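If you read the protein sequences in the order shown, they are chains G and W.
Heads up: the first sequence begins at 1 in this note's numbering, then just goes up one per residue.
Heads up: the second sequence begins at 1001 in this note's numbering, then just goes up one per residue.
It should be emphasised that the hints constitute simulated quantities derived from the structure, not laboratory data.
Keep in mind it's a predicted model, so treat the numbers as computed, not measured.
Honestly, I wouldn't trust all of these hints.
A short, non-exhaustive set of chain G residues, derived as facing chain W with CB atoms under 7 Å [stated by the list, open to error]:
(1) F298
(2) A317
(3) M318
(4) H322
Computed Cβ-Cβ distance ranges for the label pairs, DEER-style [claimed, not checked]:
(5) W:A1023 with G:D301: 43 to 53 Å
(6) W:T1127 with G:E289: 39 to 49 Å
(7) W:Q1058 with G:L333: 50 to 60 Å
(8) W:Q1190 with G:L333: 51 to 61 Å
(9) G:E36 with W:M1001: 41 to 51 Å
Reference listing, derived: stretches of chain W covered by chain G, where coverage requires no fewer than 3 residues with Cβ under 8 Å from a Cβ of chain G [claimed, not checked]:
(10) 1045 to 1054
(11) 1063 to 1069
(12) 1106 to 1112
We treat Cβ as the ideally placed atom computed from N, Cα and C, and that holds for glycine.
Spelled out, the chains give:
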Amino acid sequence: MRAEAIEAMLPFLDGLYANPSGSHRFARRARQAVDEARDRVAAVVGCHPNEVVFTGCGTESDNTAILGAVSRLGGVAVCPAVEHHAVLHAVERTGGRTVAVDRFGRVDLDALASTLDDLSGDDRPGVAIVSVMAVNNEVGTVTDLAEVARIVRRHAPAALVHTDAVQAASWLDLREITPHVDLLSLSAHKFGGPKGVGVLVERGGPRVDPLIIGGGQERERRSGTHNTGGIVAASIALELTDLERPTENVRLAELRDRLVKGLQSHVDGVHETIPVEHKVAGSGHVCVEGIESEALLFLLDEAGVCASAASACASGAMEPSHVLAAMGVDRSLALGSLRLSLGHTTTADDVDRAVDVLGPAIRRLRAGVGG
Amino acid sequence: MKVMCAMSGGVDSSVAALLLQRAGHDVVGVTMKLWGGDSDTGCCSVSDVDDARRVAQQLGIDHLVFNFGDDFDAHVVEPYIDAHTRGITPNPCIECNRSVKFARLAERADLLGFDAVATGHHANIGTTPDGRLTLERGTDPAKDQSYVVHMLDQARLARTMFPVGSLHKSRVRELAAEIDLRTADKPDSQDVCFITSTGGRTAFLGDRIPFRPASVVDTAGEQLGAVESVELVTVGQRKGLGLPGGGPKRYVVDVDTAAGVVTVGSDDDLLRQDLSVGAVTWVDEPVEGEVLVQCSAHGEPRPAMIATGRPSDGTSDGTSGDLAVGWQTPQRRVAPGQSVVFYDSGNERVLGGGICR
Chain G
1 MRAEAIEAML PFLDGLYANP SGSHRFARRA RQAVDEARDR VAAVVGCHPN
51 EVVFTGCGTE SDNTAILGAV SRLGGVAVCP AVEHHAVLHA VERTGGRTVA
101 VDRFGRVDLD ALASTLDDLS GDDRPGVAIV SVMAVNNEVG TVTDLAEVAR
151 IVRRHAPAAL VHTDAVQAAS WLDLREITPH VDLLSLSAHK FGGPKGVGVL
201 VERGGPRVDP LIIGGGQERE RRSGTHNTGG IVAASIALEL TDLERPTENV
251 RLAELRDRLV KGLQSHVDGV HETIPVEHKV AGSGHVCVEG IESEALLFLL
301 DEAGVCASAA SACASGAMEP SHVLAAMGVD RSLALGSLRL SLGHTTTADD
351 VDRAVDVLGP AIRRLRAGVG G
Chain W
1001 MKVMCAMSGG VDSSVAALLL QRAGHDVVGV TMKLWGGDSD TGCCSVSDVD
1051 DARRVAQQLG IDHLVFNFGD DFDAHVVEPY IDAHTRGITP NPCIECNRSV
1101 KFARLAERAD LLGFDAVATG HHANIGTTPD GRLTLERGTD PAKDQSYVVH
1151 MLDQARLART MFPVGSLHKS RVRELAAEID LRTADKPDSQ DVCFITSTGG
1201 RTAFLGDRIP FRPASVVDTA GEQLGAVESV ELVTVGQRKG LGLPGGGPKR
1251 YVVDVDTAAG VVTVGSDDDL LRQDLSVGAV TWVDEPVEGE VLVQCSAHGE
1301 PRPAMIATGR PSDGTSDGTS GDLAVGWQTP QRRVAPGQSV VFYDSGNERV
1351 LGGGICR
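Could you build the full structure based on these sequences and the hints that come with them?
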């Protein structure tokens, strides 16, 4: 977490512990803090503060958008096959459809159009919502949401457009994304805020049914007592991220290239999954020939380098990546996938150390026992 | 030593990790994710993984989960399904030990610089005066699992440890209870991990293969009845054949899935003088002559002569490497696909084993 965010959070765990929904003076101060946090988030997202709903996490925001849209509008949900499971499983629950992607993981616009056509018309369920992520969480691909929105408006005019922008906040100017969508999800821990705080932007007022009902907090769009300190910290972290973004994007793209090129100069058969022009600065996803990432991660962990491969299932086991499978990456190559993510705390020393550890570890695994 | 302890989330492997740690080894616990479908402990047996992880946390050792789901499907589940379509009754736990636990996991451990893989099996590894390794029955006769690990050879035994093999099960539970391990009272697992107790084998296979009916005939060929699914019938089976009660006991003596015929007969009709064993592996050098032969996990070992070549009744398909087992006294026919394990005449050491043809 960003130090400024931690500092901003602490008073609300102590002296300002009051419930912002109360009516006494301490409650009013807590309420003011939540309102100001909402203003900060709105300024970065490029929306009206009344359009910002604080939730418990990015997954809740995604679930609310999709299940809430289907609940309110009827019909089904549609998304590309490479979405985060928070979207994918919600779409599956609505009986929705997934759409093919190209080899970089961008939604196939022709396939999207024909899917929307297929679901529209007489005797068809209709489309409540189309959800397309702004930046892919595994491989870092950026999707042009203006193009997506154009297709949806033409082929399913009644459908809402949602974007899971959880991975985008650090890398893209959200003000350029927001105008194209009806709903947008964020998660605070992806930009240096606390875990357990999410944001759902509902443009133009309530667009979907709430997922969590009860006390009517967040203008009845998300019930449950406010996580005051978390919300304040999230807003501070987002503001800082937005300020630093232009310089960080330059700095981290350089470090990312140093990492990937450094690795490629040490060992053969390391493929950068997505060309740099199609992805965000902090994403260094590679596929390594002739190794299994599960084994590589053990050696990296032993050497103090933290990385991941795909997403883990409930047991903690790494699952074969559904993103790489949808992109058409060969399964044997996908087994050697490695997500090297960079962020605001990453330094040149970190990158050099990762290269120093990765090279020998890959060579050792390829050499086999006794190698 | 650096030891990878395979932790299933049960009490035996929990205590195995504990004993390795007490012996001063550098221990890492690993739970394998093998099955992604339904099981008695939830999807991918998540609660078992939780138990293993919490035990590892309590011991203060690292715990990892390896996903060997593809290997498990390819080497255990698919062959299990395929075998049933051919009237063969495999032992999937043994195939898992052969192809996953003591192959895939052990090779990964080798690759990552571990000196040995330990499991919670009740079996022992000994050394002969001339330095050969022996695979011996577990010390608790009621829990002995040497039958299911019979495929281990000298090279693999050299890198394998069975820390609880020399303990009685009651002592294993005592050790777990002494330090309040959460698995101390966990019941022993009984069944195949990918078959639920609610649906059983019938539901599992029924979801994956079409069942075919078969007629039930006596040894003279006279039709006595019919069964709905020949794939679920096993040699030696007595119940569930839809035959009227009373009269002499009748057993399945043969299953012909291709022709759709189940032959039943008396206890005597089931007796055989020989059996043929394929895919034979040896713990050390190949053995011929007088041995004890065990044909199920807790079956009684019976004396027999083993020799390479075809048995007299022609049950061998002539595959090279087949072994003929000649019983000292006739024994009930063993279902094709079952593992047949050879022990020394002292009934202590595993010599080798294979699969009944």
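These are the hints, each one checked on the structure:
no. : hint                            : result
1   : F298                            : holds, 5 Å
2   : A317                            : holds, 4 Å
3   : M318                            : holds, 5 Å
4   : H322                            : violated, 13 Å
5   : W:A1023 with G:D301: 43 to 53 Å : violated, 24 Å
6   : W:T1127 with G:E289: 39 to 49 Å : holds, 41 Å
7   : W:Q1058 with G:L333: 50 to 60 Å : violated, 39 Å
8   : W:Q1190 with G:L333: 51 to 61 Å : violated, 40 Å
9   : G:E36 with W:M1001: 41 to 51 Å  : violated, 59 Å
10  : 1045 to 1054                    : holds (count 4)
11  : 1063 to 1069                    : holds (count 5)
12  : 1106 to 1112                    : holds (count 5)
Hints 4, 5, 7, 8 and 9 from the earlier list are contradicted by this structure; the remaining hints agree with it.
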